[in-house]
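**Student:** Sequence order for the protein chains is A and B.
Residue numbers for the first sequence follow my numbering, beginning at 1 and rising by one.
Residue numbers for the second sequence follow my numbering, beginning at 1 and rising by one.
It is worth saying that the hints were derived from the structure and are not from the lab.
Idealized CB from N, CA, C, for every residue including glycine.
Keep in mind that the hints are not guaranteed to be accurate.
Some chain A residues close to chain B (C-beta under 10 Å, calculated; not the full set) [claimed, not checked]:
hint: 1; residue: LEU100
hint: 2; residue: ARG103
hint: 3; residue: PRO118
hint: 4; residue: PRO134
hint: 5; residue: ALA196
hint: 6; residue: GLY273
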Amino acid sequence: MNIRIFSLVMLLAVGTSTLVSAAPPLRLKSGDVRGWTIGTPDTYAARELYGYINGGAEIYLEYGFTRVVAQRCTRDKHEFQVDIYEMKSPRAAFGMFSTLRGRCAPGLPGVRWHCVAPEQILFAKGKYLVSIVPYDRAAETRSAATTAAKALLARIREADYRVPAPFSAAPFSTANKTLRFIQGPLAVQGVLGEWAPWLDRIERFDLHHVTVGDGARATEAAVLSFRTKRDAERFLSQSGMANAAVKDGWRIDRTRGIAMRTAGAHGVHVLWGQQMDQLRGQWRK
Amino acid sequence: MRSHDAGRRRFLTSLAAGAAATTMLPAFSRAGRPAGDDIPATNIADALKFPRTATSMPGRYPGRVVDVFDAGSVVDGAPVAARAEAMLARAMRELTGEADVRDAWRQFVSPDDMVGLKVNPVAGALLSTSVAVTAAAVAQLEAAGIPRANIMIWDRREFELHEAGFTAERFPGIRIRGTECKDASGAFRDASGALYGEARIDRAWSYWADCEESYDAETLPYMINEGKHSYFSRIVTEEVTKIVNIPILKNAGPTVTLCLKNLAYGAISNTGRLHKQLWGETCAQVPCFPPLRDKTVLNIVDGLIGCYQGGPGANPQFIVPYHRILAGSDPVAVDRVGYEIVLAKRMETGVQKAPSARGTAFMDLAAGYGLGIADLSRISHVTVDLS
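This is chain A alone, in the form it adopts within the complex:
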């Protein structure tokens, strides 16, 4: 690259980064939830977060975390807590979201990745991950929590995290409500414990994962991208698939219902479950 262009690019990059870090953090403002007192925001950067939650910020750091703004909202005896996590990227925000969501109901317009449950409203949009926890079961508290979520959403200009291939198309697109994105061992241990032995001693990877179907037909599908060929080989070895019989480019273990194939430089595709053969036929490389 021409040195002048390079310098200009670097200057722009530094300038943009400064602007981003100097931008006021997203937060609730007075009047966002009529009749409620919006608490003063407390802001914690990564280092502070680590200390104050007993080392528990590690999974946020695994994904890439910038800061969190916390606000407590009160009205008489009623109370809810708003935590606005600013992650390093939309992918990081979605990834954290995907580890936290449980039994969800729809009900929050304007954001694709959301989870509304009696205990929590959770959504990821752009680089933001927002958790709102009502501390009581009163209808007015839940209603106020929803109003707060909508107020924050209205201020986020960034787009929803886009589903990557192959999960954006059939046959996997029907399973997007189960999509997870995982980058490291902490998240694997937390939400995909059965995969942990396969990923032992691999510190960094990209793992998109869905579950197609349910009950006995539930079948896991995943795309893994490793940093090195050695890690990809270690994964195949630790999953017991390194020497499995190969058919149509897939290593297949019929006893366990697992199929794997390598993809690209350091990638691995995985199918695990009863629909393994059917999905294998539909999954174009």
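Starting from the known structure of chain A, arrange chain B on it as the hints suggest.
**Tutor:** Same frame as chain A, now just chain B:
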């Protein structure tokens, strides 16, 4: 040193919804590891040399676990104190065979004892040992003749106890004590610069492991020491004579954090280094040291409210009322039964497909050290429904 008000800590409680959830996730150092993996050496052999006593784990009732259920024990997401007390009383009678709950408690403690109730407050008010179950234990201890002055509620961090609801206002006359602590101004050090926690560890007792990690003084201002030693708290070596262990029923990744974990990580310093490489070993080995092995006489799992995913932190979507209390003198057996309850919920909800050997590995290890029984077929699981 900055101080932080309750509001901030409340935030941290909900932050733990995701973050602390992974704070103490096990890294499964033994089971399932490929052959040839190096496991750091520890001084477990030293611990096993101490002669056992009459009160050593697994205590009076090896392999016996009482599981009391009451569908009315949680209303609107909160424990019902009266129900909790009735459940605990029934559990104690069922465990011991005594008709009178006071006699049941006297099998484990006497008025001369200093009784330490080891609760778990790390996930804040949302998912910690409940005030209801702890208060029930206090009431029954008092009824059994233990003076309030001889009862202590303790854990590793005093400020976490307060944030989880264990306050002097709620428990007047009872000591609320943690190894790591701060003063009223929020400072972790005294005027001379010494950590308050330093005086609360006993360097005569240490869990040594060949791994270490450094801590940042700014972000972890209460960590007492680095290096390869984890020192036992004076709470367990000097201050209490009996321990009643009261963890909460919750998962830690695909396993559980119940009796053994609550004791092991709550009683020693310098624990951060152990999570990564020696999670299971620490759970099984630290309770082999006499201050825990010989003083922990009873385990009561608060399963009124717990979680099956997202633990050990408080992830609200996975917090559920289990409506149960488990009791036993054998911490391994109680952990095993608790694991089955959590596993069943994980499989019912599709969080987990099948049991995992990793989930029970630390219990098998603990059983091998003689702390209790991990084999389900040898455990007497007594169920009672008070609904």
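**Student:** Confirm or reject each hint.
**Tutor:** Hint by hint, here is what the structure shows:
1. The restraint placing LEU100/A at the interface with chain B holds, with a minimum CB-CB distance near 5 Å, inside the 10 Å limit.
2. At about 7 Å, the closest approach between the beta carbon of ARG103/A and any beta carbon in chain B falls short of 10 Å, and the interface hint on this residue holds.
3. For PRO118/A, the shortest C-beta to C-beta distance to chain B is roughly 9 Å, which falls under 10 Å, so the interface hint holds.
4. Interface hint at PRO134/A: satisfied, since its Cβ lies 9 Å from the closest Cβ of chain B, which is below the 10 Å cut-off.
5. Proximity of ALA196/A to chain B holds as hinted, the smallest CB-CB distance being about 7 Å (cut-off 10 Å).
6. Because the beta carbon of GLY273/A sits about 9 Å from the nearest beta carbon in chain B, less than 10 Å, this interface hint is met.
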